[in-house]
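If you read the sequences in order, they're chains A and B. Per the numbering used here, residue 1 is the first one in the first sequence, and the count goes up by one each step. Per the numbering used here, residue 1001 is the first one in the second sequence, and the count goes up by one each step.
Source of the hints: derived by calculation from the structure; they are not laboratory data. Note that this is a predicted model, so its numbers are computed, not measured. Quick reminder that beta carbons are idealized off the backbone N, C-alpha and C, glycines included. Careful: at least some of the hints might be erroneous.
Pair by pair, the computed Cβ-Cβ distance ranges are [claimed, not checked]:
hint, chain 1, residue 1, chain 2, residue 2, range
1, A, Lys162, B, Tyr1168, 50 to 56 Å
2, A, Glu433, B, Leu1043, 55 to 61 Å
3, B, Leu1058, A, Glu325, 28 to 34 Å
4, B, Pro1069, A, Thr80, 21 to 27 Å
5, A, Ala445, B, His1225, 27 to 33 Å
6, B, Val1140, A, Pro97, 44 to 50 Å
7, A, Asp344, B, Leu1057, 33 to 39 Å
8, A, Thr247, B, Leu1057, 51 to 57 Å
9, B, Leu1082, A, Asp77, 25 to 31 Å
10, A, Leu79, B, Trp1072, 46 to 52 Å
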Amino acid sequence: MGYLAVAGVAALALTGCSGLAPSKSDDSGTGSAIVLRVQGMPAATDKAALEQFNRLADDFEAKNPGITIEGTENRWDPLTFSAKLAGKTVEDVIQVPLTEPQGLIARKHVQPITGSLKAWNHYTEFNPQVLQPLSDSAGEVYGVPLAPFAQGLVYNRALFTKAGLDPDKPPTNWDEVRAFAKQISAKTGKAGFVHEAKGNTGGWQLTMLTYTHGGSMETEQDGKFVAGFNSAPTKTALELLKAMRWTDNSMGQNQLMDQDDVVKQFAAGQIGMFMGTPGTYRLAKMKFGLKNTADYGITALPQAGGNATLGGAEVFMVPASVSKEKAEAAAKWLLFANAEPQYDPAIAAERAQALAKDPEAAVGVPTLPMFSVEQQAKIDAAIKPHVNVELEHFQPWLDGTPKLELRPEPPVAAQKLYTILDPVVQSVLTKREADISALLAKAEADANKMLAAEQK
Amino acid sequence: MTTLLAPAPQRDTVAVQPAPASRRRASLRRELIGLVFLAPALLVFGLFSWWPILRGLLISFQRTNLVDPAVWVGLENFRAVLTDPLVGTAVGNTLLFVALGVVIGFPAPILLAALMSTIRRGGAVYRVLVYLPVVVPPVVAILLWKWFYDPGSGLFNQALGLIGLGPYPWLQSPQSAMLSLVLEATWAGMGGAALIYLAAMTGIPAELYEAAESDGAGIWRRIWHVMLPQLRPVIGLLLLLQLIGTIQVFTEPYIFTQGGPDNATLTILLLIFRYGFQDGEYGQAAALSVVLAIVLAALSAVYLRLTRSWSKT
Chain A
1 MGYLAVAGVA
11 ALALTGCSGL
21 APSKSDDSGT
31 GSAIVLRVQG
41 MPAATDKAAL
51 EQFNRLADDF
61 EAKNPGITIE
71 GTENRWDPLT
81 FSAKLAGKTV
91 EDVIQVPLTE
101 PQGLIARKHV
111 QPITGSLKAW
121 NHYTEFNPQV
131 LQPLSDSAGE
141 VYGVPLAPFA
151 QGLVYNRALF
161 TKAGLDPDKP
171 PTNWDEVRAF
181 AKQISAKTGK
191 AGFVHEAKGN
201 TGGWQLTMLT
211 YTHGGSMETE
221 QDGKFVAGFN
231 SAPTKTALEL
241 LKAMRWTDNS
251 MGQNQLMDQD
261 DVVKQFAAGQ
271 IGMFMGTPGT
281 YRLAKMKFGL
291 KNTADYGITA
301 LPQAGGNATL
311 GGAEVFMVPA
321 SVSKEKAEAA
331 AKWLLFANAE
341 PQYDPAIAAE
351 RAQALAKDPE
361 AAVGVPTLPM
371 FSVEQQAKID
381 AAIKPHVNVE
391 LEHFQPWLDG
401 TPKLELRPEP
411 PVAAQKLYTI
421 LDPVVQSVLT
431 KREADISALL
441 AKAEADANKM
451 LAAEQK
Chain B
1001 MTTLLAPAPQ
1011 RDTVAVQPAP
1021 ASRRRASLRR
1031 ELIGLVFLAP
1041 ALLVFGLFSW
1051 WPILRGLLIS
1061 FQRTNLVDPA
1071 VWVGLENFRA
1081 VLTDPLVGTA
1091 VGNTLLFVAL
1101 GVVIGFPAPI
1111 LLAALMSTIR
1121 RGGAVYRVLV
1131 YLPVVVPPVV
1141 AILLWKWFYD
1151 PGSGLFNQAL
1161 GLIGLGPYPW
1171 LQSPQSAMLS
1181 LVLEATWAGM
1191 GGAALIYLAA
1201 MTGIPAELYE
1211 AAESDGAGIW
1221 RRIWHVMLPQ
1231 LRPVIGLLLL
1241 LQLIGTIQVF
1251 TEPYIFTQGG
1261 PDNATLTILL
1271 LIFRYGFQDG
1281 EYGQAAALSV
1291 VLAIVLAALS
1301 AVYLRLTRSW
1311 SKT
């Protein structure tokens, strides 16, 4: 039965038993109340945030008679998403990691809601950079972000001090990162700097490193995109990693980590520096129990001639299987729940005040402007009395990031590109004799084959 | 006496052998009743086992995003999959896992069972201890071993450090990652197989050992000439099940390493997973699943032929 099991499991997973599953999200809802199933509801353990979500849902329902919000704690899960999509049981609003939107758009798993969003008065004021990761090349928008950010360098202020470094003067370039990592490692025995390497995060972080070195992962040639990473910027970036790993021995022992692994280790005080967003503060504190939050520091992503960083946001999208009427309701919800609190200072203050009641919550983690810098300044001022994070430790990130160009993920099949680049990063971090030029040449050939197939 | 007894068989014959038409009706009725009882199981089996298999087969000839209507692409998915260099890597890694599993994981439960069969007192305690890893959920066991393998603070390196060895990059090195996965899988699966062997061993007649012993056979000759031949059908079955199971290895590489480092633990099922759930290439995932199913079916057929020839000898 083994072979039957293989085919059965694969096929069951792929087909999702379509035809059997109740069609919950494709009912038109014409003339009757719409039940909008939305991801992003906080867990029951996060009481303050859950209360806030419920209040938000009540307010929305009061202002939008005929629409009922049904929240779920689910998030986008590659294991179940395809089956749920095929069975039309996926929620009407999904919350996906930053690495996924372009793949979902390319596979037509999500639908554009530009028309519905444009009905909002302030739609044109959105910062185009935060909508970009949720848009296709034709300019159609497929969702609404929340808390946009730019990648930076997260560091442990306590380890900095212990290593004899000034935590108020974090590194600004990669030569300093290398020197600081070496010092942290030598003085404290902890990993000075770590780089993610598995589950496509290796390729993802190599993209950030490449941007800071002035490179691109994909370049356009005669209207088509080809691999652009087999060039000096990525090579230099990998040589830096290789030197830190094998010459300086400052990257610790564990080289196969993803974001959760890294933040968990960071929260346990085992890591000096890593590339991450301000949102990792929330992760470290609320998920991985960072005891002394004052140890958390973040600065703008160090540079080596690129003056650029990778942008992104928490992303909420509408699956392709959702009916038109529900998609319109979903757009209303996303504007109400995500956009308005980031535009209207009064709403932002009210939400911050409610959240701050829970000492476990992280209120005031800085974000990039979802609209304009001026609008963001109003929001920041309004929530200031309720902020419970050590805002001064985010200052280097707030000061340095606006000077950098905010760049998006590679435009074509970013996830598949990362799949190809993960082994390159892993080779450099696990094989002393890794030949960077040969690795990049092979990855380039694989990537070009993949990109050609994607752009047929 | 003769007259009294003679008609009896005739009456009996008439009573138990109805006329052909009524016999057929009774047989049909019995079959219908059987089918009614079987129907729920058949329905569930059909819907959840055979229908997905057929859908999988169909999808292997299609390009689909599971939303728009599927497009028939013939053998294109098979062509794409069979020309993907990663498939070669995945096949090589899977065969390495299978080979290491046979070398390390296959003899281990036999040895364990042989040892346990010699224990006179407290056998039940040992059986429970041996079987315990089997009841630990696979994900929990793997996460536990992930900590054992941790290159910094892991239990194994801490323990080895006490005797001046290591630290070893268990999962961090392309050379040792697969071996590390096999060690965990062996630990996790050994208990079940050991109990099956133990049960089979207790079924071997004691006279065979006694006869061998009186012929002067030592422990190793008794194992070689008495125990192993008697266990041959069980060994054959468990070997086949292990081969089929290890060819389908997924959980270990997915949770331990996600195929790394440098694709050293990328197995066929993990690649199918990547095609389907990471890249959205459902047709290619189904195509590789079909190829794998064909290989495993062929393996099962070989086993059936072999066991048939064994039973004849």
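Against the structure, the hints come out as follows:
Remark: the range hint 50 to 56 Å for A/Lys162 to B/Tyr1168 is contradicted by a beta-carbon distance near 28 Å. The hinted window of 55 to 61 Å between A/Glu433 and B/Leu1043 holds, with their beta carbons roughly 59 Å apart. In this structure, B/Leu1058 and A/Glu325 meet the distance hint of 28 to 34 Å, their C-beta atoms being roughly 32 Å apart. The hinted window of 21 to 27 Å between B/Pro1069 and A/Thr80 holds, with their beta carbons roughly 23 Å apart.
For A/Ala445 paired with B/His1225, a C-beta distance near 57 Å fails the hint of 27 to 33 Å. Our hint of 44 to 50 Å for B/Val1140 and A/Pro97 is violated, since their Cβ atoms are close to 25 Å apart. A beta carbon spacing of about 54 Å between A/Asp344 and B/Leu1057 contradicts the range 33 to 39 Å that was offered as a hint. Distance hint check for A/Thr247 and B/Leu1057: the Cβ-Cβ separation is about 53 Å, which falls inside the suggested range of 51 to 57 Å.
A beta carbon spacing of about 30 Å between B/Leu1082 and A/Asp77 agrees with the range 25 to 31 Å that was offered as a hint. Distance hint for A/Leu79 and B/Trp1072: a CB-CB separation of about 27 Å, inconsistent with the stated range 46 to 52 Å.
The structure does not agree with the numbered hints 1, 5, 6, 7, 10 stated previously, though it agrees with the rest.
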